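Residue numbers (this note's numbering), protein chains in the order written: chain A, 1 to 85; chain B, 1 to 172; chain C, 1 to 139.
Everything labelled a hint here was simulated from the structure, so no lab data went into it.
This structure is a prediction, so every number in the text was calculated from the model and none was measured.
Mixed in with the good hints, there may be bad ones.
List time: in silico EDC-like cross-link candidates among lysine to aspartate or glutamate, alpha-carbon distance up to 20 Å [as the list claims (entries may be wrong)]:
1) K42(C) - E80(A)
2) K7(C) - D83(A)
3) K76(C) - E33(C)
4) K42(C) - D83(A)
5) K89(C) - E80(A)
6) K89(C) - E75(A)
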Amino acid sequence: MAKKSNTRNRNRSTKQPRGTAPFTRQRQRLMLGGVALLVVIGIVVGIRMSRQQSLPPQLQGAIDGHYTRGSAAAEVVIKEFSDYT
Amino acid sequence: MQNVPPSNSLASSPSRWRRLSAAPWLVILARLLVGGLFVVAGFSKLLLPHAEVVALMQQYTVIPQTVTPLIATVLPWVELLSGTALLIGFFTTPAALVVALQLLAFCLLMVVILIMGIEVEDCGCFGQWGWHETPLQVLIRDLVMLALLWPIIWRWQDVWALDAWGATSTSP
Amino acid sequence: MKRFEDKVQLVLYPLALNDRSEVATQFALCAGEQDQFWQAHKMLYQHQTQWHRLSNPLDRLLELAGGNGLDTAALKQCVKSGKMEPLVKADQDYARSLQIRSTPTVFINNRRIVGAHSEADFVRTIRQELARAERAAQQ
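Excised from the complex, chain A in its bound form (with noise of 0.2 Å):
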């Protein structure tokens, strides 16, 4: 009788197969560089994105002492910072 192959028992070995570990290597290191690429964006988007939110009620900053045109009651208020040189 022939013997019954091996294979599935190979198959079935706990062992690491060779030449998967430099793979799993090269996996990590793209997972990390990812990350702290992806890390350094977020850092920034956020930062901008709570910038861009201040920006509307900074704007409400002081009338009092400014020249004025126009209407005080206008729905567009232009604000002008202009030097004279």
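With chain A held as given, fit chains B and C onto it using these hints.
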């Protein structure tokens, strides 16, 4: 990882020169300096409102006004991400090449500005943190950084770098 | 501006970016004490080439002001006393908080426009903001 076998023969001096100029400590220092500067440059521009960055670039009247909004959008991200990659040693050589391309472009821009005598009040290199540098100072700084990229590109070993993650180290 | 006079308000923040424009800004604010701010404002721009490169432009500005019917003695006294310096500084701080780095910078409601743009650009933005305000009012 690039491993160049040690050699004492004169016949192998090109590789010995490369090894000398790409000593690990020099590569780390160069990565920290150039990568760090690019991270700061990109970050500082990204913290500014887009319209301000466009205005900074419009000072350089040699750049067509139609493309300044696009450059103002893309350049800070390229600076930040290539600088970060260089800093952490991730895809170090491609990152170094991207940084080198940017530096070459900046150097060319400064040379044109100097030749044409265009007055630029603020380099805009560090956006939000507005160090006021003259075009000549910027040119010198960028040439120094280009020189610092040489040991990075020709390094024979990744040290303190993500590219070396899990790699087996060999002594020189 | 005239075509939008009843729908738009312009608020002017003279922003001094250097020593010369600090003097000019204080000069304009001091003229405001004589109810002559807008005249001084216009004069500063009309005769800009005559004073903007001088290291100490006050004397030239006073000469120009005299020709425009302003009380130059009061102006000189006001600028030299430095009483407008806190206002100038406050505007500089405010501009810094809004990340304004160059002039002119104009905010039309919350929309930032930096640099010298054509009148058409400003008019278009004003119309867009007026339309947006109208839609908001209808809701």
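Distance restraint between K42(C) and E80(A), which requires alpha-carbon spacing of 20 Å or less = 15 Å, holds
key: Given hint D83(A) paired with K42(C) - CA-CA distance at most 20 Å   = 13 Å, holds
task = Below or equal to 20 Å on CA atoms is what counts here, so check K89(C) against E75(A).
result = Violated. K89(C) to E75(A) sits at ~29 Å, over the 20 Å cutoff.
key: 20 Å Cα cutoff - pair K76(C), E33(C)   = Holds - the C-alpha atoms of E33(C) and K76(C) are around 12 Å apart, at most 20 Å.
task = Quickly compare the C-alpha distance for K89(C) and E80(A) to 20 Å and report which way the hint goes.
result = 16 Å, holds
message = Given the hinted pair K7(C) and D83(A), is their Cα-Cα distance within 20 Å?
response = 26 Å, violated
In terms of the numbered hints stated before, the structure departs from hints 2 and 6, listed from lowest to highest.
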